[in-house]
Structure formats: structure tokens, C-alpha cells
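Peer 1: In case you want the letters, here they are:
2 protein chains.
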Amino acid sequence: MADIKVAILGFGTVGEGVYRTIHSHEEELTAVLGKKVEVAAVLIKNKQKQRNISENILITTDFEEILSLPQLDVVVEAIVGKEPTFTFLKKAISKGCHIITANKEMFAHHGKELLELAKKNNVSVGFEATVAGGIPIIQTIRQLLKINQVRQIQGILNGTSNFILTEMREKKHSFAAALVQAQENGYAEADPTNDVEGFDAFYKTMILSKIAFGIEPNWEEVEREGITSISIDHIEAAEKLGLRFKHIASLNREGSHLVGSVKPALVTKSHPFYHVEGVDNAVCVQTDIVGRISLQGPGAGMFPTASAVIEDLVYVVQNQHSNLKLYHADNDHDLQKIDDAKELWFVHGLKENMINSQITWIDQITEEAIIIQATKQELEQLAAKHESIRFFSILGDYETKNKNKAEALAAL
Amino acid sequence: MADIKVAILGFGTVGEGVYRTIHSHEEELTAVLGKKVEVAAVLIKNKQKQRNISENILITTDFEEILSLPQLDVVVEAIVGKEPTFTFLKKAISKGCHIITANKEMFAHHGKELLELAKKNNVSVGFEATVAGGIPIIQTIRQLLKINQVRQIQGILNGTSNFILTEMREKKHSFAAALVQAQENGYAEADPTNDVEGFDAFYKTMILSKIAFGIEPNWEEVEREGITSISIDHIEAAEKLGLRFKHIASLNREGSHLVGSVKPALVTKSHPFYHVEGVDNAVCVQTDIVGRISLQGPGAGMFPTASAVIEDLVYVVQNQHSNLKLYHADNDHDLQKIDDAKELWFVHGLKENMINSQITWIDQITEEAIIIQATKQELEQLAAKHESIRFFSILGDYETKNKNKAEALAAL
Numbered sequence: 211m212a213d214i215k216v217a218i219l220g221f222g223t224v225g226e227g228v229y230r231t232i233h234s235h236e237e238e239l240t241a242v243l244g245k246k247v248e249v250a251a252v253l254i255k256n257k258q259k260q261r262n263i264s265e266n267i268l269i270t271t272d273f274e275e276i277l278s279l280p281q282l283d284v285v286v287e288a289i290v291g292k293e294p295t296f297t298f299l300k301k302a303i304s305k306g307c308h309i310i311t312a313n314k315e316m317f318a319h320h321g322k323e324l325l326e327l328a329k330k331n332n333v334s335v336g337f338e339a340t341v342a343g344g345i346p347i348i349q350t351i352r353q354l355l356k357i358n359q360v361r362q363i364q365g366i367l368n369g370t371s372n373f374i375l376t377e378m379r380e381k382k383h384s385f386a387a388a389l390v391q392a393q394e395n396g397y398a399e400a401d402p403t404n405d406v407e408g409f410d411a412f413y414k415t416m417i418l419s420k421i422a423f424g425i426e427p428n429w430e431e432v433e434r435e436g437i438t439s440i441s442i443d444h445i446e447a448a449e450k451l452g453l454r455f456k457h458i459a460s461l462n463r464e465g466s467h468l469v470g471s472v473k474p475a476l477v478t479k480s481h482p483f484y485h486v487e488g489v490d491n492a493v494c495v496q497t498d499i500v501g502r503i504s505l506q507g508p509g510a511g512m513f514p515t516a517s518a519v520i521e522d523l524v525y526v527v528q529n530q531h532s533n534l535k536l537y538h539a540d541n542d543h544d545l546q547k548i549d550d551a552k553e554l555w556f557v558h559g560l561k562e563n564m565i566n567s568q569i570t571w572i573d574q575i576t577e578e579a580i581i582i583q584a585t586k587q588e589l590e591q592l593a594a595k596h597e598s599i600r601f602f603s604i605l606g607d608y609e610t611k612n613k614n615k616a617e618a619l620a621a622l
Numbered sequence: 211m212a213d214i215k216v217a218i219l220g221f222g223t224v225g226e227g228v229y230r231t232i233h234s235h236e237e238e239l240t241a242v243l244g245k246k247v248e249v250a251a252v253l254i255k256n257k258q259k260q261r262n263i264s265e266n267i268l269i270t271t272d273f274e275e276i277l278s279l280p281q282l283d284v285v286v287e288a289i290v291g292k293e294p295t296f297t298f299l300k301k302a303i304s305k306g307c308h309i310i311t312a313n314k315e316m317f318a319h320h321g322k323e324l325l326e327l328a329k330k331n332n333v334s335v336g337f338e339a340t341v342a343g344g345i346p347i348i349q350t351i352r353q354l355l356k357i358n359q360v361r362q363i364q365g366i367l368n369g370t371s372n373f374i375l376t377e378m379r380e381k382k383h384s385f386a387a388a389l390v391q392a393q394e395n396g397y398a399e400a401d402p403t404n405d406v407e408g409f410d411a412f413y414k415t416m417i418l419s420k421i422a423f424g425i426e427p428n429w430e431e432v433e434r435e436g437i438t439s440i441s442i443d444h445i446e447a448a449e450k451l452g453l454r455f456k457h458i459a460s461l462n463r464e465g466s467h468l469v470g471s472v473k474p475a476l477v478t479k480s481h482p483f484y485h486v487e488g489v490d491n492a493v494c495v496q497t498d499i500v501g502r503i504s505l506q507g508p509g510a511g512m513f514p515t516a517s518a519v520i521e522d523l524v525y526v527v528q529n530q531h532s533n534l535k536l537y538h539a540d541n542d543h544d545l546q547k548i549d550d551a552k553e554l555w556f557v558h559g560l561k562e563n564m565i566n567s568q569i570t571w572i573d574q575i576t577e578e579a580i581i582i583q584a585t586k587q588e589l590e591q592l593a594a595k596h597e598s599i600r601f602f603s604i605l606g607d608y609e610t611k612n613k614n615k616a617e618a619l620a621a622l
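From first to last, the protein sequence lines are chains A and B.
Take the numbering used here: the last position of the first sequence gets the number 622, and nothing is skipped along the way.
Take the numbering used here: the last position of the second sequence gets the number 622, and nothing is skipped along the way.
Next comes chain A alone, as it looks inside the complex:
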């Protein structure tokens, strides 16, 4: 009974979490797989750094050394960035190794190629850890999707942004102060661009899209906005109406298009995301038969992400001879384009004289913060004329608090 030999590429939070979990759960892994799982090698960047790795494990900065091991069954990749990881994984697959990745940027760009190459080489690719850390969202969607058709997906996919928004609201901190707190807690990198500008959530959204719809929206057409422009003023005005800012990834079938966006929006108390706080992630899937299902859990962190990798490890080893049906067929071609619908928007910086006949006043919070009903197009035209305007869509059922502007302002 030969062992299963694993190489871990990268020994940051995720890599170390995987390493430690393989050791702490050695017995469970052996029981499930009928074989011992052994970490054979770890790829690192800096040889000088002190690490807590057993002496009998190959520790190297050279991936070729790992590839030339006499036995290597699974390569777990927990590095950041597209290259050289993509190249490493292609080589690993060609050598007959299963691969598991936690790298959303690389997988969003090259997932398709890796899956095709893996199929040719009769090995499997695990990527549960690329989206929403420990929440088994990819398996859940796959499970649901045998027959259900997904209509919409919404997600809070970046724990750092959600933590910052929670801090700002609860402690009345500025964005900058909340970011520092996130960095001190180890949630945000020294360069937080990927998180707070929405790139991280964008990559995860594209991976979800492929799984749920079989296709991705055109990347250039996906609105991507981070949370850096949200001020305490916006947050406090929204809170007066029982609304909360969340950074929301969204995928909607609209006519023959799949429309994606990753941007701040407001949710009402009835929306499942209203109480998703701190570094938690959540995903809401709307399908044709079941209706709406939501999942919530830790979106990042050493052990939640390691858990996703380890569950993938079992999956790829057990399914090594089956052809995983990863993406279902594209069946969106026959959908018809529908007209833009009127939606609810929270608008900041909108003055009385800017409102035109296409826009319906719904509620008022302060002189400048107002809830309106309009199509996105109408609002975009207005925002093009008046640069001071910031607008956010409202998700969930909104109950009007004030019947008219006078009443609203009197209530302040």
C-alpha cells in the first residue's frame, strides 16, 4: 500500500495550514483514503526564513527538484499571482499529478486550460479553495446543478472588504482606520489593492460563473468597483433607513447576456447578507426549482482554506479515474434580451433640481441622501451630468420610512 505523496507550493498562511492539517488529521485521511498521505516536498521562496517543517521533507526553492521526485501524486498550490504558478501546474499535470489550487487570480485566468490539460492526462483539478474559503460553495452548486438551472448568484466574496465595512459602521472608523485594523488583524496584505479594489472578488466571481452558468461574462463588461469610495457619511445615512453597505459580487442572466458586477451595494434587513459581518463570506444562489439558498461561513483564514484544500485532496484522489463534469453546457443562447427594469437606488449628492421626470422619489434621509426608483440607464445619464452623485443599488425588500421629503427632514 503505497503512500500518497503531496508537494505543497508556497508556505504562507494557506500552505502552512494545509501542511499542519495533513499532520493533525493523518488518521482521518488514512481512514478515508486507505492510504497514508505524506507531504514529500515544500516549495518556498526564501531559504533563510525559519519554518516549522519536518527534517525528512524536501524543502526547496526549485520546482524542478520537486518534479523530479521518484513519486509525486498531488501538487497543492498556495502561491499568489499567475506566474510562475500556471507553468508549474501545467508541468505537474503533464507529469500525471492531480493538482489543487487556492489561487483565484491564476485559476480565473487559466482554469479552463488546466482543466482541459488535466482531462487529457487523466488527472483531476481541485479548486474549492479559490472561492469563499471553507464554504463548500463549488460542490454545493455542482450538487444543485444536476437539474436546477441557476438564475442569479450574489456573493460577499472578499472577507477583508466585509471586515472593513463592518468596522466602519460599528465603530464609526474611517476607511483608512478600518484598513489599518484589518492589516493588524492579518486580514489585509501590506498592499491591499487586490482586496479593497475588488480584484480578488472579481476573480472569484468569474470562477463561480463558469461553475454555475457554464460561461463567463465578458471580463471587460463586468463592472468592478471596490470599497474605497464609501465614506462614513454614506454609511451613516444608509443606516438611518436600516440599510447596510456590502461589497457584492453578482451574476444575473439578463436576456441573452450574463451580466456580472462586483461593487458596493446596499442590503435591507430582509436580505440574507444583512447580517454577514466581519471576515465572513456568503453566497446566495437563486435557481429555477429550489428557489433561493444561501450559505455563510469563514471566507478566509489558515484552517478554513486548508479545509477546502484537504476535502479537495480526498476528492481528487478518490475520483482519479472519473471524468469530472466541471462545467455544465452553455444553454443561454436562446434567452431573449429583456428591457432594463426600474430598480431602487440609494443616491448620495442628489439635489432637488437634478431629479427629472423619469426618476421617482421614494424616501429621504438627509438633504442629499435619497432613495429613488429608476432604471440603471436613467441614473447613469444623471450621474454623467452631475459628478457629485454616488449611487448604489438596494437589494432586498425596502419599506419606505417617510412619506415625503418634509416629513423625512423633520424627522432628522
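A couple of the hints might just be wrong.
Each pair may be met inside one copy or between any two copies, as identical chains are not told apart.
What the hints assert, rightly or not - For lysine to any residue, the following SDA-like pairs were computed, each having C-alpha atoms within a straight-line distance of at most 20 Å: (1) LYS479 with ARG379; (2) LYS382 with GLU248; (3) LYS611 with GLN391; (4) LYS356 with ALA241; (5) LYS356 with SER234; (6) LYS479 with GLU380; (7) LYS479 with GLY606; (8) LYS305 with PRO280; (9) LYS356 with ARG463.
These aren't lab readings, by the way, just hints derived from the structure by calculation.
On a predicted model such as this, the values are computed, not experimentally measured, just so you know.
Please build the complex by placing chain B on the supplied structure of chain A, with the hints as guidance.
Peer 2: Quick look at chain B alone, frame taken from chain A:
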């Protein structure tokens, strides 16, 4: 390419939902399974009742007629009660049919026997629809459980009870009025005992227990209490402290025991169940590696439940030659018994002079509604002495509102 022939036992909400979904999703089923799924027979109780079933389908009150069909691949059971369904399903398995059930009472009692019989006959058993309707909780736990060990499960598993509690709180209706509303909406049966006394949730909890822990608590030791004793007074007093009543199924590892209960409890705003309203179900799973994951969605209804059955249908047909590992091994034997921990309790009917030194005052809502800290044993001793006392545990992080009794009563 032979079709897959299905018999549906029972044509109530679930049976009809399955029938309609097989027809509305014929194309998807054929695409996934490579074979057409055909309803060959429907077992009914009353021949006189008008039903919308195609003429070429065998409609019968005699199960033997269904069993003697020349081809029968899958039997979907959507009847209520333990018998004659258990007998029907044993016969179906012995004849080599896969079975899928939505019947929690029958499956909680006889699941083990059916699974063993199915294994012998090399067929599969689907039972996702027995717990939490459309939420794929059984598959999710199985997925998580390859390596993760479950520590605790909490669930809102009965949509009718949750609907009644929501109505009582939102509309200040009495239990009786809310129950009538539930019946008018089609959520509650004419005899609502199974739902409001917690039997339905109990059966579902036992099924979850087997999946998550490999064992069940001793049925006699599981506290089972419905929602009939919750009054508007309790609900209003709790709401003053930001607490909500939910009917909660709970499974906890405590020492060498698995402790189960199905009863009303209070949740704080930080608990994922706080915003689970109406007929929704939710399940929270706490495991050793991932931490806490929660799922929420429609727990009942024609199509959510039908969806669970149809996804099972695909599952059993695709996995017909594999040995499903349904329950993981019992590995609780070496756990040590731990002492009862101090917990937070919402107590109604507790008077000043009843409080003894073992009990810590935490917060006060009215003269009689009070939050205390105590072990369950201490509280049970107190309740044995004073019959007027009703107590409920509090789940989630509770923030004290009032520093002392005087302040609390002054704030009323």
C-alpha cells in the same frame, strides 16, 4: 437506450411536485443521465380524486401492481407515516429498485435497515428530501465530512413552527391565530401536532445525527418540546432585549455522549438564525477545521422538496454501482465527559426570592422576565421547585443592556 422508469408513491404536494418537475425538466434529465426519465406509475389512496396525470401512466391504489411492472428502476416515496411505506420500500429494494424518500418519520425509524438492505441488493437510497427540503444539507455535510469532524449542529428544521413564531412576533398574533394563518397558507396540516410539538423536527434531527456523527443519541434522552407553550408575553419580553424565539434542533458532542434536543430557544442578533424568518429552514454546522458554516433556504414546499428528490434521482442513477458511504464511523468512544458549563438563560416567571447563590443575574426585562447565568442542572432544580418558571437557552453573543435591576425596570 432504455428509459429510466420511475414510480411515485403518493400524489400529495411532494409527489405532485416530483411528477411535474420530471416533466418540466425532461430535457435536463436526459442530458445529464443520457436516458429519458419516465414516470411509469403513481400510487394513490383515493381513486375518485381528480388528478392531472397523463393517461398512459399506471394509476393504482395497489402497490403490488406497481411492483409487477416489467421494468421499474427507481421508486420515489412521498407518503406520510411509517407503514405501509417501509414495507413497500423493502419490497422495492429487494426487487432491485433504487429508492428515494421524502418521509422523515419512516426514515428516522427504518433508515438503517433500508440502507443495509440496499447495500445487499446493490442499489442506492436517496433521502436528501427528508431534511430541510431544498437545502442540500445532507450532501454538504457529506462533503465537509470527508475529513472535518462535526462538533455541533443546530437547525431550524420545521418551517411551520418558524412561520408561526415569525407571525406571532411580527403581527402580535396569538399562537392559535398564527396557526390558523399557517393552515390557510397551506403550511400546516389540519392536525398540526407533528409540526408544532416538534416531532417533525425530531425525526429530521435524528437523520442529520446519523449523517454527521455516525450515531444517534438515545431517542428517549432527546428533549423534545414544541412551540405551543410560547406566549406573546414571552416573545415581547425577549424582543425588548433583541432576542428572538426560534425552534431549534441541536446536536452536541458532550463528553462520551451525543446530546440532542429539539426545543424553543432564544437567539441573539449575532446568531445566523436571528434572521431566518417565515417557512425558511437553516442549518449551522460547527466542525473542527472549517469552523461554523450555515445554510439557509426553503425548507418545504412543492418545488424545493421536489428539487431534492430530483437531485437524488440523478445521484442514485449515476452512482448505482458504487457503494455509497452514507455514515462515517463512530469515533466518539474515546471522548471524555465534561462538566456542565454555565450558560445564559432567558427565564420567565422567576421572582427575586427564588434566585439562589448558584445563579447569576445578568439582565432584566420586566419584573418577571430575566436573563441569568447558570448550569442547566441548577436551573432544572429551580424549575422543579417553582412550577411557574419557563426557561429557554440563549444562543449567540449576548450583550447586557441594563447594569442592574433598578436601571432595567426604570427603562420600562
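Peer 1: Now tell me, hint by hint, if it's right for this structure.
Peer 2: Checked hints:
no.: 1; hint: LYS479 with ARG379; verdict: both (15 Å within a copy, 16 Å between copies)
no.: 2; hint: LYS382 with GLU248; verdict: neither (48 Å within a copy, 60 Å between copies)
no.: 3; hint: LYS611 with GLN391; verdict: neither (34 Å within a copy, 27 Å between copies)
no.: 4; hint: LYS356 with ALA241; verdict: between (29 Å within a copy, 10 Å between copies)
no.: 5; hint: LYS356 with SER234; verdict: between (34 Å within a copy, 14 Å between copies)
no.: 6; hint: LYS479 with GLU380; verdict: both (16 Å within a copy, 14 Å between copies)
no.: 7; hint: LYS479 with GLY606; verdict: both (7 Å within a copy, 18 Å between copies)
no.: 8; hint: LYS305 with PRO280; verdict: within (11 Å within a copy, 50 Å between copies)
no.: 9; hint: LYS356 with ARG463; verdict: within (18 Å within a copy, 34 Å between copies)
The earlier numbered hints that this structure contradicts are 2, 3.
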